[in-house]
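Visitor: Given next are the chains, with one letter for each unit.
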Amino acid sequence: MSILTNTPLKSIPFATNFTIAASGVWGFGSYVEIFSTTPNPIAIAGFQISGGTYSNLNWELEISTGAVSSEVVVGTIRLYLVNSGNSVGAPVGILLPVPLGIPTGVRVSIRVRSNNANGPGFISFNYYENLSSDQVSTTEILKSVPVGSATVLQVTPNTTPWANSAWLQLIASTPQNIKILGISPYADNVPGTSLGIEYDIGTGGSGSETVLTTLRHTQVSSRFTALWLPAPLPVAAGNRVAIRLRKAGTNANLHTISLIYYEDSATPTFGRISQLPVEVAVLDDSANFLRISQLPVEVALLHDIPVQLRLSQLAVEVMVDPLGIPPSTEQIQLFIVS
Amino acid sequence: MAITTLIDRQYTAPAGADAVTVTPAAVAWTNSAYVEVLASTPAACVLTGVTFYSIHGFTESTAYDGEIDVATGAASSEVVIATVRFYSRLVFTSGQIGPILTYVFPIPIDNIGSGVRLSVRLRKNNTNLTVWNMSINYLQKPLTSTILTTAKPQLVIPPATVGVTVTAGGLAWGNGLWVQLRAATGNALVITGVVFGALSANADFEIDLGTGGSGSETVITTLRIAALNQGNPQHQPLPHPLDNVTASTRIAVRMRCSTASNTAIISLMVIEKPL
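Chains F and B supply the protein sequences, listed in that same order. Under this note's numbering, think of the first position of the first sequence as 189, with each following residue one higher. Under this note's numbering, think of the first position of the second sequence as 280, with each following residue one higher.
In isolation and in its complexed conformation, chain F is listed as follows:
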């Protein structure tokens, strides 16, 4: 499989926007339904925000699946939004390096919050239906740190040009395997950084961090809120993740950082298996092999709600491997319930 696709991007809604609003400081606004039921497996590719009045905003978009009042978060992205005003112009549109997969027949809704109750007033989405690529999340949850009202993560730069700052901890210990997509960086009015900023992402204990990769940036733009890696950077569970920077110039303004990543689902039954061609092994109660197939099977394993899958006229209940091995996107075991 490949990152290439022949699947067209689509957009929603047509000829209008979804209206969004936060509620108080770090209070979520109401859910806004963007799909009453997904017509096919979809992959949310990105979004565009506009409207509203705000400045220097830590803003979070939450994407959930599930019925009204039973929404379960499958994605959170935190961005630093500079200013909506005429002086800087703030519309933001991003395409995720890896889109967020959601199976068919699912209600999808969103809500937003921010550090000062303000924020963009409108949002629209680009998405794929039946994406012909496996570069899509299936069981992973889109996450960002910091979350909500948690302490804003800010790196204090070294005032000596191109000298490293101290490391700043982003995640004390990854609870699951993660895949880092990139960062949302911002430093307000930083003269001289037009000549460059480098961010190192590293792992390891405090004082013994090892650089995993380096991102290069420049004077921060009001319209550029996410700095992506060429491909997701994997970090195994149980690792401390930290960041440091070095830059041109002597300015000491703080750099606000959020880390954007996919995290493996903590509970296998919470997996979201969508349109991927999966290898299906059907076993009976004694784990005897009955059949195996290579099909574009559409299975929804939504948040510990068992679903039934019709396979060759045989109704089976989806269960988790009794050994506790989480189902992967490559193999799913189905046990016949007599």
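Source of the hints: derived by calculation from the structure; they are not laboratory data. Just to be clear, a hint being listed does not mean it is correct.
Claimed, not checked - Facing chain F, from chain B, some residues (calculated, C-beta under 8 Å):
1. Thr284
2. Leu285
3. Gly295
4. Ala296
5. Leu380
6. Asn412
7. Asn416
8. Ile499
9. Thr500
10. Arg503
11. Leu517
12. Pro518
Ideal placement from N, C-alpha and C gives every residue a C-beta, glycine not left out.
Fit chain B to the supplied structure of chain F, relying on the hints for placement.
Guide: For chain B alone, coordinates are given in the frame of chain F:
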């Protein structure tokens, strides 16, 4: 299949140092001189992106198209391995800038040998001499990760000229006319990005890319874009490059907009197949 990940470390050049300064040519769409960003690669390398900046437009609030070339080879013998297209629409306060600042290649360019000089140059559709600052991002081979790369150059449609102007329909959200981006000639392509320049403020746009003859275009993708105060994300790399443009196929673009008859300037980032 699992998500493809990149274990290999990304590096920058210049590394831990000021970006290089490129002075544009005084003639529109004329190349600047090359400026070296790395004297000699420490190993065979894969180009993953370009970072660039200018205050051009800060006082003029001007709109313009431009291109950045990344090249290998000794001075006066440079060979372009990637071209990045940008569109700048208004540069505001001193902390802000219009165009995207770091372009990450959806398909990195695997065409840099060991011990090779790397350099950059610029051209644009005006004669402003404000300098640009540039740096590049790359991986060192051998790669541990299995990611899609290509030895083919990253290209632009249309090259070295202003993008095509598209006009939305005469009613809000009505289709505008298709405008040709490429005639029905040339290799099969992978589309890796869309460069978008809105000329008017406060509007929402949908851009259809289509293939096929005039009057019988088929939509191959639709990109939604929001613009406010004449700002917008003017460069959208496609994380899933679009692989459905066959050889000798015409490519066209049309637009719908919340404001009737609004206009925008469009160009594409592409790589010719086979990759």
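Visitor: Confirm or reject each hint.
Guide: Hint by hint, here is what the structure shows:
1. Look at B:Thr284: its Cβ gets to within about 4 Å of chain F, closer than 8 Å, so that hint holds up.
2. Contact between B:Leu285 and chain F, as hinted, is supported at the beta carbon level, the nearest pair being about 4 Å apart and thus within 8 Å.
3. The beta carbon of B:Gly295 comes within 5 Å of a beta carbon in chain F, closer than 8 Å, and the hint placing it at the interface holds.
4. About 6 Å separates the beta-carbon of B:Ala296 from the nearest beta-carbon of chain F, less than 8 Å, and the hint is met.
5. Using the Cβ-Cβ criterion of 8 Å, the hint placing B:Leu380 at the interface with chain F is satisfied: the shortest such distance is roughly 5 Å.
6. Annotation: interface hint on B:Asn412 holds; nearest CB of chain F at approximately 5 Å, less than 8 Å.
7. For B:Asn416, the shortest C-beta to C-beta distance to chain F is roughly 5 Å, which falls under 8 Å, so the interface hint holds.
8. The interface hint given for B:Ile499 is met, as the beta carbon of that residue sits about 6 Å from the closest beta carbon of chain F, less than 8 Å.
9. With 8 Å as the threshold, the beta carbon of B:Thr500 comes within range of chain F, its nearest partner Cβ sitting at about 4 Å, so the hint holds.
10. The criterion of a C-beta within 8 Å of any C-beta in chain F is met by B:Arg503, whose closest approach is roughly 4 Å, and the hint holds.
11. At its closest, the beta carbon of B:Leu517 sits 7 Å from a beta carbon of chain F; the interface hint therefore holds under the 8 Å criterion.
12. Interface restraint check for B:Pro518: the shortest CB-CB distance to chain F comes to about 5 Å, inside 8 Å, so the restraint holds.
Checked against the numbered hints given earlier, this structure breaks none of them.
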